[in-house]
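Asks: Here are the chains, one letter per residue:
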Amino acid sequence: MSAQPKSLLAQVWVAETVQLIEKNGPLDDAQALARAHRSALPMRAQLRERAWLLGERLGLVAQLERWRGAAWLLVLLAAAAVLALTNGLLFAVLADGRSINAASAFVSALGLHALTLLFWLGSLFLARGGGSQTKGMFSLGRFLATLVLRLPFWRGPQSAPMLRAGTHLVARERLAPWVFGLGSHLVWTLGFVFMLLGLLLGFAFREYRLTWETTILSPQWFAAFARATGALPALLGVPVPGLDAGTGQLAGAWPARDAAWWLLACVALYGLLPRALCALWCGWVVRRALRRINIDLSDPYYQLLLARLQALEPALVTDAEQPGAALVRAPSAARGVFTQARAVVGFELAAHLPWPPPGLGPDADYIVRIAGSMDEQAQVQERLAALRPGALLVVCDPAASPDRGTARFLRETALSAQRCALVLSAASGGDGDEMRTLAGVRRWREWMQGAGLADWGFFEQSANAAAWWQGQA
Amino acid sequence: MTQPIAIAVVGHTNAGKTSLLRTLTRQGSFGEVSDRPGTTRHVERIDLRIDGRAAVRFFDTPGLEDAVALQHHLRSLPGEFGNPVDRVRAFLAGPEAHAAYEQEAKVLRTMLEVDAAVYVIDCRQDVLPKYRSEIELLCACARPVMPVLNFIAASAERADAWRELLTGFNLHVWMQFDAVAPFVGAERQLFQDLCVLLRPRQAELQAVVAELERQGAARRAAAATLVARLLVHAAALRLPVPREALASPGGRERALEQFRDQLAGVTQKCVQAVLGVYGFRSGEADVALQPWTSGRWQVDLFHPQTLQDAGRKLGTGAVVGAAVGAVADVALAGLSLGAATALGAAVGGVASQGWSQVPRKLMHRLQGAEELSVEDTVLLALADSLVRLISALERRGHAATAQLHIPAAVAGPDTLQALVQALSAARGFASDGSAPPLAASPDARREALSGRVAALLLRSLSEA
Chain A
1 MSAQPKSLLA
11 QVWVAETVQL
21 IEKNGPLDDA
31 QALARAHRSA
41 LPMRAQLRER
51 AWLLGERLGL
61 VAQLERWRGA
71 AWLLVLLAAA
81 AVLALTNGLL
91 FAVLADGRSI
101 NAASAFVSAL
111 GLHALTLLFW
121 LGSLFLARGG
131 GSQTKGMFSL
141 GRFLATLVLR
151 LPFWRGPQSA
161 PMLRAGTHLV
171 ARERLAPWVF
181 GLGSHLVWTL
191 GFVFMLLGLL
201 LGFAFREYRL
211 TWETTILSPQ
221 WFAAFARATG
231 ALPALLGVPV
241 PGLDAGTGQL
251 AGAWPARDAA
261 WWLLACVALY
271 GLLPRALCAL
281 WCGWVVRRAL
291 RRINIDLSDP
301 YYQLLLARLQ
311 ALEPALVTDA
321 EQPGAALVRA
331 PSAARGVFTQ
341 ARAVVGFELA
351 AHLPWPPPGL
361 GPDADYIVRI
371 AGSMDEQAQV
381 QERLAALRPG
391 ALLVVCDPAA
401 SPDRGTARFL
411 RETALSAQRC
421 ALVLSAASGG
431 DGDEMRTLAG
441 VRRWREWMQG
451 AGLADWGFFE
461 QSANAAAWWQ
471 GQA
Chain B
1 MTQPIAIAVV
11 GHTNAGKTSL
21 LRTLTRQGSF
31 GEVSDRPGTT
41 RHVERIDLRI
51 DGRAAVRFFD
61 TPGLEDAVAL
71 QHHLRSLPGE
81 FGNPVDRVRA
91 FLAGPEAHAA
101 YEQEAKVLRT
111 MLEVDAAVYV
121 IDCRQDVLPK
131 YRSEIELLCA
141 CARPVMPVLN
151 FIAASAERAD
161 AWRELLTGFN
171 LHVWMQFDAV
181 APFVGAERQL
191 FQDLCVLLRP
201 RQAELQAVVA
211 ELERQGAARR
221 AAAATLVARL
231 LVHAAALRLP
241 VPREALASPG
251 GRERALEQFR
261 DQLAGVTQKC
271 VQAVLGVYGF
281 RSGEADVALQ
291 PWTSGRWQVD
301 LFHPQTLQDA
311 GRKLGTGAVV
321 GAAVGAVADV
331 ALAGLSLGAA
341 TALGAAVGGV
351 ASQGWSQVPR
361 KLMHRLQGAE
371 ELSVEDTVLL
381 ALADSLVRLI
391 SALERRGHAA
401 TAQLHIPAAV
411 AGPDTLQALV
421 QALSAARGFA
431 SDGSAPPLAA
441 SPDARREALS
451 GRVAALLLRS
461 LSEA
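Going down the list, the protein sequences come from chains A and B. Residues in the first sequence are numbered from 1 upward in steps of one, following our numbering. Residues in the second sequence are numbered from 1 upward in steps of one, following our numbering.
It is worth saying that the hints were derived from the structure and are not from the lab. No experiment lies behind these values; they were computed from the predicted model shown. Please note: incorrect hints may appear among the correct ones.
Rough simulated footprint, nothing fancy, chain A against chain B, three-plus residues with beta-carbon under 8 angstroms [as the list claims (entries may be wrong)]: (1) 6-18; (2) 67-76; (3) 267-278.
C-beta atoms are modelled at their ideal positions from N, C-alpha and C, and glycine is treated no differently.
Kindly produce the complete structure, drawing on both the sequences and the hints.
Replies: Structure below.
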């Protein structure tokens with residue numbers, strides 16, 4: 001859709017516009033967000049990409065294209081400005097037939113230029129200090145808005161928010177005086193170039209008389225004026241026109257050739273040169289700003305989007321669960337002859353838990369507590385196999401997480417006992433862990449069902465287990 | 001392009017591996033977290049991206065459930081092995097790797113593929129032989145292992161026993177990390193500790209640390225901006241109430257309620273946005289973060305008695321007296337009617353913003369309307385609650401499922417006094433109900449004030 005390459009400026013502009021549009025409610029951006037995320041670009045680029053995709057849908061990009069296509073209007077405008085300027089300047093200098101009033105020509109050629117240049121420098125200073133720059137921007141924004149929204153070439157459905165976003169952007173980057181300056185300096189520079197060409201042409205093929213006249217000044221004043229303004233051109237080898245006039249004289253002529261060169265040099269040095277330098281300066285600043293321009297990540301709007309982008313990061317299963325693999329289990333039903341013995345095994349109990357569990361100690365024929373190492377487990381299995389107890393109680397820690405190791409141990413012990421039960425040994429005084437213990441009991445109960453130990457008895461307290469034991473006896 | 005740093009997250013079942021990854025990747029929806037043992041049965045991978053490029057690749061593994069028996073099995077493997085890794089490889093090639101120890105085999109297989117492993121320990125548990133076996137198994141894979149002591153806050157005394165055990169296995173670099181409630185900078189600490197273990201990848205890890213730092217700062221700045229805009233909006237908020245309405249029975253209460261609702265609504269939006277900035281989702285049922293959305297607060301917090309109590313507390317100098325949270329503070333709203341507030345607002349407005357608000361105030365006066373506005377104490381309470389919300393969110397892991405409560409402030413926060421003073425300038429702004437209060441304002445003065453307030457908020461956040 002966008003044959004034109006996406007410049008950074010265009011992307012940021014579109015992003016700014018989308019932000020402006022979303023001020024009044026979010027757009028449906030699920031697809032754009034996902035596509036931006038898949039692009040695997042840097043963060044800011046992803047945000048710009050999302051805005052660009054939304055902008056394509058909303059017609060912002062098309063509007064931008066339309067404006068780009070209508071840029072010739074700007075060129076036309078600038079050309080008209082140059083034409084008018086050159087015409088005005090030349091007219092001011094060469095209006096009086098073959099006679100040129102040198103001092104007045106100097107002032108009319110450079111006066112307006114000096115004033116506007118000073119004004120621009122002033123605005124630069126104000127913008128640096130902050131403050132009025134926003135106000136200036138709003139007037140520029142309004143000017144642009146009225147211009148663009150009226151002209152048929154530039155008008156479009158999305159031009160209003162785009163313009164506002166553009167002015168925001170320029171205001172944020174404090175670019176207004178530079179952008180404006182670039183335009184005006186270029187126009188002035190071209191104006192002076194054409195004016196110099198015109199003057200050269202005139203001076204080359206026509207004869208002009210360069211005069212001076214006054215009512216209140218003395219001729220010496222004009223001589224001094226010529227020396228002062230001609231000092232700089234003199235450094236480049238342009239002769240300073242001399243004036244030989246008596247004190248009483250009120251009018252006269254300059255040496256025409258010298259004066260013509262002096263005028264040309266003054267226009268070039270005081271008019272063309274500063275404007276050209278300023279244009280270069282503005283161009284440099286604007287270029288640098290355009291290269292640096294980007295979206296502001298500390299803006300809450302972009303942070304919200306970033307959080308959503310991050311949440312899109314896909315999780316990839318690299319080693320999948322193989323169904324059925326864990327379900328293959330050894331049979332746990334015990335067969336054979338059993339004694340009336342009672343065994344109590346504490347398995348992987350925490351140190352602070354009471355041992356033996358209250359009510360179970362005295363009656364047991366075999367009571368042991370193991371931490372769970374392989375040797376201990378083997379020892380217990382051996383004893384149980386020899387004892388063949390009628391009742392076996394395995395005591396576990398409710399706070400611990402049941403695991404397959406525990407299940408394996410339980411199943412193996414069940415092979416040597418007639419009836420088995422699991423007891424969760426709660427800490428006696430610790431009421432701080434009560435919630436955890438409760439959750440633990442529920443967890444163990446559910447786990448027993450799932451681990452194929454459903455035929456086991458299950459007791460939350462050792463007292464209940466003792467009753468089970470007694471009832472059995 | 002270099003390969004991302006691969007890190008396996010391993011540990012006993014239910015030790016909090018997936019929770020840790022949720023917090024590290026800031027993804028509350030990653031994997032499946034539950035109290036049930038063995039929730040994760042597959043190996044799952046997720047990338048931590050830095051500037052769009054996968055910088056760190058985490059592998060979430062199933063829990064080691066029967067390390068004791070597996071270790072025994074490994075020892076009993078026939079044949080001579082030059083080193084433990086060959087033994088592990090032999091096991092992985094054997095039949096039991098797909099039968100009894102399928103889950104453990106996944107862990108060990110992953111271990112052999114990664115650059116380093118993070119071993120998550122639930123240090124509420126006693127040091128048992130099975131954990132010893134786990135560590136031995138992991139060490140047999142010959143990869144750097146970084147133990148992470150999870151749930152350290154719950155049992156500090158057992159942590160010592162764990163450290164002793166780890167030292168015994170030559171694991172001298174460990175770190176504390178509560179996946180649900182990580183301390184500020186815990187992630188950075190983790191990656192820096194990994195630097196010690198992974199010398200060759202040090203530069204990359206440092207880049208990750210720097211980037212995380214930058215992201216954190218940007219998030220904090222964004223949250224502060226949101227809160228600042230809310231505060232400016234609240235300070236500028238005014239509700240003109242005709243005198244007749246005030247005189248009528250219940251009219252005063254109705255006006256107050258309307259005003260409170262207005263402020264509470266905006267505050268809630270701000271809280272949601274701040275949650276969004278920190279990557280916590282509010283719409284999801286399993287991540288219920290706002291006690292305020294339950295509707296319960298409407299009953300008891302806006303109760304006249306609560307208001308009265310708050311009024312008393314505010315009056316007796318305890319600057320902030322709140323019950324539940326940010327909205328509660330608003331709800332308590334020591335809102336005042338009458339000339340004093342209006343006058344104060346007018347003076348504040350005139351002093352800082354010129355005369356723009358005066359004609360409107362005069363007009364209201366002539367029309368016989370009083371203006372409701374938010375008192376300084378409420379602004380202070382609101383700012384304090386939201387600052388604490390931000391710092392609580394910074395300490396909250398993305399694995400947390402419990403509701404986040406922002407309790408009432410105990411002492412008057414001095415650092416925020418300057419903020420309330422700065423906000424007095426906002427009294428003069430137009431009370432624009434239609435403009436979205438949390439978006440950037442087109443008014444440059446308002447935006448500048450928001451920036452100032454945000455800077456103050458950031459200062460008090462960094463002091464806290």
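Asks: Find the hints from earlier in the document that the structure breaks and name them by number, from lowest to highest.
Replies: When the structure is compared with the hints, none of them turns out to be violated.
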